Amino acid sequence: MSSHVRPGLSRRSFLAGSAALLALGAAGCAPSSRAAGGVTLRFYEQKQEVVAYFDELLRRFERERPGIAVVHDSTVAIAPQFVRNEPADVGCFNDNLELARYVERGVLGDLSDLPSARTVRTDIGELTDQYATYPGRTSVLPYSLAAAGVIYNKRIFADHDLPVPATWSQFVDVCEELRRAGITPVYATDRDTWTLWQGLFDYSVGSLVAPGEFFRRLTEQGTDVGPDSPVSFEKDFAVPMERARTISTYFNEDHAVRAYADGNLAFGRGEAAMYLQGPWALSQIALVDPDLEIGTFPLPVSEDPDDRQVRVNIDLGLWIPTASTHQEEARELVEFLMRPDVINAYNADNLAYSTLQDAPPQQDERLAGLQEYVDRAAFYQGAGTFVPTSIPLGNYLQEAIRSGDFESMLRTLDADWRRLAGREATV
Amino acid sequence: MTALPTLPAAPDAPAAQDAPARRSHGGRVEPVHYLFLVPTLVVFTAFVVVPALIGIFYSLTDYVGFGEWSFLGVRNYAALFSDPRILESYGFTLGFALVTVVVAQVVALALAVALTRRIRFATTLRTVFVIPMVVAGIVVAYVFNFLFSNSLPALATAVGFGPLEESILGNPDLAWLSIVIVSAWQTIPGALLVYTAGLTSVPNELYEASALDGASPWRQFRSITLPLVAGFVLINTILGVKGYLGVYDVIVGLTGGGPGTATSSVAMTIFGGFTGGDYAYQMANATVFLLVTALISVAQIVATRGRAVRL
Numbered sequence: 001m002s003s004h005v006r007p008g009l010s011r012r013s014f015l016a017g018s019a020a021l022l023a024l025g026a027a028g029c030a031p032s033s034r035a036a037g038g039v040t041l042r043f044y045e046q047k048q049e050v051v052a053y054f055d056e057l058l059r060r061f062e063r064e065r066p067g068i069a070v071v072h073d074s075t076v077a078i079a080p081q082f083v084r085n086e087p088a089d090v091g092c093f094n095d096n097l098e099l100a101r102y103v104e105r106g107v108l109g110d111l112s113d114l115p116s117a118r119t120v121r122t123d124i125g126e127l128t129d130q131y132a133t134y135p136g137r138t139s140v141l142p143y144s145l146a147a148a149g150v151i152y153n154k155r156i157f158a159d160h161d162l163p164v165p166a167t168w169s170q171f172v173d174v175c176e177e178l179r180r181a182g183i184t185p186v187y188a189t190d191r192d193t194w195t196l197w198q199g200l201f202d203y204s205v206g207s208l209v210a211p212g213e214f215f216r217r218l219t220e221q222g223t224d225v226g227p228d229s230p231v232s233f234e235k236d237f238a239v240p241m242e243r244a245r246t247i248s249t250y251f252n253e254d255h256a257v258r259a260y261a262d263g264n265l266a267f268g269r270g271e272a273a274m275y276l277q278g279p280w281a282l283s284q285i286a287l288v289d290p291d292l293e294i295g296t297f298p299l300p301v302s303e304d305p306d307d308r309q310v311r312v313n314i315d316l317g318l319w320i321p322t323a324s325t326h327q328e329e330a331r332e333l334v335e336f337l338m339r340p341d342v343i344n345a346y347n348a349d350n351l352a353y354s355t356l357q358d359a360p361p362q363q364d365e366r367l368a369g370l371q372e373y374v375d376r377a378a379f380y381q382g383a384g385t386f387v388p389t390s391i392p393l394g395n396y397l398q399e400a401i402r403s404g405d406f407e408s409m410l411r412t413l414d415a416d417w418r419r420l421a422g423r424e425a426t427v
Numbered sequence: 001m002t003a004l005p006t007l008p009a010a011p012d013a014p015a016a017q018d019a020p021a022r023r024s025h026g027g028r029v030e031p032v033h034y035l036f037l038v039p040t041l042v043v044f045t046a047f048v049v050v051p052a053l054i055g056i057f058y059s060l061t062d063y064v065g066f067g068e069w070s071f072l073g074v075r076n077y078a079a080l081f082s083d084p085r086i087l088e089s090y091g092f093t094l095g096f097a098l099v100t101v102v103v104a105q106v107v108a109l110a111l112a113v114a115l116t117r118r119i120r121f122a123t124t125l126r127t128v129f130v131i132p133m134v135v136a137g138i139v140v141a142y143v144f145n146f147l148f149s150n151s152l153p154a155l156a157t158a159v160g161f162g163p164l165e166e167s168i169l170g171n172p173d174l175a176w177l178s179i180v181i182v183s184a185w186q187t188i189p190g191a192l193l194v195y196t197a198g199l200t201s202v203p204n205e206l207y208e209a210s211a212l213d214g215a216s217p218w219r220q221f222r223s224i225t226l227p228l229v230a231g232f233v234l235i236n237t238i239l240g241v242k243g244y245l246g247v248y249d250v251i252v253g254l255t256g257g258g259p260g261t262a263t264s265s266v267a268m269t270i271f272g273g274f275t276g277g278d279y280a281y282q283m284a285n286a287t288v289f290l291l292v293t294a295l296i297s298v299a300q301i302v303a304t305r306g307r308a309v310r311l
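For the record, the sequence lines run as chains F and V. Using full-length UniProt numbering, read the first sequence as starting at 1 and increasing by one per residue. Using full-length UniProt numbering, read the second sequence as starting at 1 and increasing by one per residue.
The following block holds chain V by itself, in its conformation from the complex:
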């Protein structure tokens, strides 16, 4: 179906370092450790790898999901690259993922920094901020749908703010903003939790020492906090981008891909193929999308490799 979750091992994860040490220490790995991998490997192979390979095979045919089919070679792929709707959906999805990941990370990091300071009600606020994470995406989307369609325009009319008197969901130039807002709102808690964990691991002595040296809070953030949580930024960004690229339920609940086709994501066009009898063609689309997603993840890792500072 949609892209596989390509979860790269974070390059600076502790396990990666400890493993060689343990190996040299014990001579060889306990065979039972391999045994632990078996259930995951079996399930992953049976339910992810095999279906994906079958799907990739059918993307080379005119299969509709049942009955007979014939082999087409790469014709589906050739058609894909000349289909303006497909290209448009890639443009939208990539742009959306880029904007949303930036918005979500900036807000989440800012909130995390604020919440790890000794402010009042930090615990209560942390709980409140996490709520969006536990609500299903489609529910969130429908609630926001109501806010954007009714409440916001009513509010704008009441205060006489022209641009928002018409719902942004009906405006092809602005509808994407609603999806960014809801997606970010929904994913910020997860990133926030990771950043909170990251920030608490930064020793307080560093801040005290830098304060003695006369560093401003901004300078502390730039020279201490940011380098030390860079690894967490990487993890959050990769996970975030991966999630945003597969955006589906939020769009279904908010705009249905409209107005027109202004907010049709790749996942939506792929899914449309299953109900529309366009199975093989959209399978080709899914295969391309899988490659694109994998490439982006690899590019992110390469680009940020070695940037994280370790103490």
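This is chain F alone, in the form it adopts within the complex:
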């Protein structure tokens, strides 16, 4: 679209044209008119809770680095910009199977030579490789690590003299006692199926089977997935799903029709003792009762307390597409965001963990129970995050919880995986 005003243009059409251009500019489509003579970067970040936070950071960057203007692109879908071959200059996105598609196909450039790349904890950097790698490249710099465990109501636990369970049998005892006292042990929200795999499924698996390793071997097996193959859902997830089945018997009675928002409301009102959710739920619960005393602990699923691990995910990772025409400036922005004062402050403020070596601990009381596990890398990325969305894991779990038959679900998962491998569908 041209922004030139031709001499013959009438005033009305000129005004209309300007209005249209303004609208486009506001939508982040016509940024060329920003910083005169300078470079305008497009920064992609769409995590709703922190859009305003990053806006602030970008303004700060612009002040510190005159000549570079940054436009914040917060559109929800990531795919269109790559489909159009117009990706943002810097991306800041959840590291998951979706981002892995771009890593795998080499459309994200190498960041390993950035000074900040060497300051990232290696045990966190390795997490990104579990989804996908591109030979010789560090495609994603982990920016923010979120850790999740069991959220529990400290008041209820104290009122009934219940310890924080360290083993599976202790956990079951706690649930039994709560039930005897007429309290819902675990609040579940089946209607939002992601909450099922994020909580019940991932927590049950993670401390018993290392998901990264399991899915690496599963992928290597190709179509040879079944009860007789070296690894399979049916075999390796049998014990974890027995745990999941047991836990599901302690759910609130109406779990089948409850959604995520219901869960936050109910837990905030003290209607249940435990809630299998991540730190993102804490701000929602605080809206219901800001003074609720909340703690967190990793779900124990074996009899050895040392087996306990927390579920983590790289909530945000930084990347620069190879298609960006402002590589140098994009790198400057990444370096700015990775500066210890910036990255540590972001994570401290947003209930997450900085990915830098020697980062300060998360100060929030509610997450104190997870800190030591993050510190010594006793963590895993949730098994559910390795399952492509073309396998509706959440829906399968819904059915398994209803029927109590988790074994058929595991057989279905094996069959689905075989089919996916058979038509060589990539993640």
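Source of the hints: derived by calculation from the structure; they are not laboratory data. Since the structure is predicted, the reported quantities are computational estimates derived from the model, not experimental observations. Glycine included, each C-beta is placed from N, C-alpha and C at the ideal position. Take every hint as true, because none was put in to throw you off.
Residues of chain V clear of chain F, computed beta-carbon distances all greater than 10 Å:
hint: 1; residue: Tyr-34
hint: 2; residue: Leu-41
hint: 3; residue: Phe-44
hint: 4; residue: Pro-51
hint: 5; residue: Ala-52
hint: 6; residue: Val-99
hint: 7; residue: Ile-119
hint: 8; residue: Ala-197
hint: 9; residue: Val-202
hint: 10; residue: Ile-224
One side of the interface only, derived from the structure: several residues of chain F facing chain V at Cβ under 10 Å:
hint: 11; residue: Val-83
hint: 12; residue: Asp-192
hint: 13; residue: Ala-256
hint: 14; residue: Val-257
hint: 15; residue: Ala-259
hint: 16; residue: Ile-391
hint: 17; residue: Gly-394
hint: 18; residue: Arg-419
Model the placement of chain V on the given structure of chain F, informed by the hints.
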């Protein structure tokens, strides 16, 4: 994306008859008439036909939406027919469309007949009945979601009606009913309007004459009303089935395809492919679905051709 709207010209539409007459009358068609077609043709070609053809092409590859791809031939299609989830979604969608179209047409026609009689408050009622049409599907679905999850079970518990004390949304055998109810509720107004228009075109003399001959209201309905609005039934059925086959937003708002995968429609599985990196595979699914939808529409036209009575 989803199936193209295959809107067949109703066989007994007035235009189809008038056109030859006009042609013989004027010798040839005014060239400017062709000009009127151009904008629609251009827009339709650019935004429907071309993307559809591109999509069909990519269904023969392993394209994920960007980057490189290789040609797979019909492998995606072969995989499609052995995928139980895909087959299940077709079964659900076809069954759902069939049930819903029957429910919606029967209710709409009954309402239309009632409202065209000189009953009290006919105009007010007509307005009230049309309201569901102007509310967005996803909004309707969320409202009903609340009713089915909370209000209905509470009501059932209060009156002690066992089967409904648990929400039907959580029951894989009954959840589909909720989708039928909401979809029908939402589409009945449109059908109702068409039927009202159809019924007002039936001359009153016919009813008077038949009444003199001693015909009962039921007999009048069967022998006069029904044959004379048969054309409208056809239009409503074709439009209805087409709409129900693409059911998406109502399911997203009500059950999310669950419990389990009990209410996953074809449109939902197709859309899942775009976010899940399964683009080419679901493109193949979309192509098959397009053919299925087109076939059903053609079958409907053929089956009902010539059934409509004209005066």
